[in-house]
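Heads up: the protein sequence lines correspond to chains F and V, in order. Throughout the first sequence, residue numbering follows this note's numbering, covering 1 to 161 in sequence. Throughout the second sequence, residue numbering follows this note's numbering, covering 162 to 664 in sequence.
It is possible that part of the hints are untrue.
What the hints assert, rightly or not - DSSO-like cross-link-like pairs, simulated, lysine-lysine; straight-line CA separation at most 27 angstroms:
#	chain 1	residue 1	chain 2	residue 2
1	V	Lys467	F	Lys61
2	V	Lys418	V	Lys467
3	V	Lys603	V	Lys418
4	V	Lys418	V	Lys463
5	V	Lys467	V	Lys425
6	V	Lys463	F	Lys61
7	V	Lys425	V	Lys463
8	V	Lys603	F	Lys61
9	V	Lys467	V	Lys603
The hints are simulated quantities; they were obtained by calculation from the structure and are not laboratory data. Predicted, not measured: the structure shown is a model, and the values here were computed from it.
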Amino acid sequence: MSTKRLTQNGIIGLLMAFVAIGAFVWTFYSPLRSMELFVPRIAMWLIIIGGVLVLLRDVVKPERAPRLSQAFVLPYAGGVAFAMWLYGWAFRNIGLVTSTFVFLSVWWIWIAVRDARRSGTTAGLAWRIAKLLALALAIAAVIHVLFITLLNMHMPRTPLP
Amino acid sequence: MFDFNVEAVFGAVAIVFALDTAMFVMLGIVVGITTGAIPGLAHSLPIALVLPFSFFLPIHQTMGLLIGTYQGGTYGGSITAIAFGTPGTPGAAATVADGYALTRQGKGKKALQMGLYSSVVGGLFGSLVLIFLVVPIGRIAPRFGPAELTALYFMALSLVVVFSTENAGKGILSAGIGFFLAIIGRDIITGGLRFTFGIRYMQAGFPLVPLLMGFFALPEIIKQIHTVITDPEHAGQVSEDGVLELPKKAEPGLGLKEFLGSWKGTTIGSVVGTFLGALPGPGATLAAYTSYSVTSQFTEDKSYGKGSLEGVAAAESANNATCGATFIPMLTFGIPGSSISALLMAALIMEGVPVGPRVVIDHTLVVYTIFLLMLVANPFNLIFGRLLIPVFTRLTKIPAVVLWPTIAIVLVIGTYAYNNRPFDIIMCIVAGLIGYFYRWFKLPDGPLVLAFLVTPLFEASFRQALTISRGDPMFFVQSPIAQVLWVITALSIFFFLRKKEPG
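Chain F extracted, bound-state conformation (with noise of 0.2 angstroms):
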């Protein structure tokens, strides 16, 4: 038996569709003409009815609903989302090659530094980092000639985005 309620996939289909119903009423505020806003009217009403039915589902067949990962993985979200960004800037203001040794070579060392302090020794520690130090280089030396060597790839420096 099913006990009604609402569950937090529910509130997130019900957050999109009221999201989607202030965009849909903003189109007729939009400068945009109305056959300009058809298919984007379409993708607001598609986004409605998913929405709520989301919604309608969950409230009636609560066991049904897909439970949602609770462990909070926003920071490591943002986290990689900016490193790749800055890995973007870099190999086009310093270098394909420094870009992706030093990205790499910092990445590896501080887990390498880490699961030594977690395992209590140091014994290996130096091997293992100029192993790792090695494979950067040989990965960086790949990229290079995949992507600058044989594709010619232009690099311009551009500081922004």
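Here the structure of chain F is known, so what remains is to put chain V in place on it, guided by the hints.
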């Protein structure tokens, strides 16, 4: 049916089975597979790079190189889709769900082999159809006017939405987001700016390759890096004595029974891929998703969508079947159905072959040579794909701490290399965050990708149809082809409602 010119057939056999032609096909296959397996490098790039060879190579060598690159690249895209959940080419996006799930279950080798074998079957089917049905299919393709194309795109979209998930609400929601992302940029007719938020770079719209790269790869990178930091023991963490130590136990390969057991997926994929490949516009990605969705209704595999060999077969056979079919509108009407066929057409023109309705009559030998090259490229694809699978299988065993930062780096450079635009990297990251939300909220990815691809085509056909008919909605159901497509759409929705919501 095609009227064979026996003399020209023998001439083509002599040309294609010469050692020099075979060498160029093999070279193309290796270049294609390798480049296709690098996320971001769409396989139109290597084709564009080898195009200048047509200035000094004879036509059979040029076409051997180009067709080899095309077929190898179409298969190559599935390698990273299966091994790392990152499609190497847009056409391999539909392979991710089942292919990567199989890799996570320790069946990566099986999935890669299934991807290869079904690609070869799909490729052979598409090539045979090209040879025997080039004229009849070429006659049907132009009957798809704006009204029929509107019905076709609507059918493809509805099939994916209703078949991709048990929760129709989430399927519709996902399609709505895909629709929205696709309309960002300039209006296709008036040129008005839609939802660009004042950003100049957005005027060209949300780019496809960065969207797919970020959407599929970034969520996995975030997840793996999160695991490496918070729970290293469960992330295939580095052992004390070896950074790149690989498991000793050999992984079992795909058995004949398993391959034959996926016959439905392979057959549906081959047919759907050939049909959609013959139409200008849809392309390999749409074919793969449509085949994947249609197969979901016929398969008895309970693990479909969560690690099914049949799912891999359905998607891969479809995207490779489009290779041969792409030549149909090109050879019969001089209409390139995709950017790749436009490049192939350019090569033919540069070699002095004016592509169009008379090409089969005026350049029979060239046409037969292309047909045979399409056929010959498939066995070479099988051989080189088979040789390279152990290499790619071992790559999946590399520890997470080494593998995922390296993939992140290749992803960023690959995205940049696509257009040499720094802004694409930002779009890739935004798409990745959307992909992460999709994964967390358990939204199906198929409707988003398909809606994103179909929306510009759908909008163009729909508005053209309305213009032609002066706003008469009955125009959409006047032709028999459109009527059949609307009936299939209605039946699929009805079938879905009866199956999933019995009460």
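For this session: Please name the hints from earlier in the document that this structure breaks, with their numbers sorted from lowest to highest.
Result: 3
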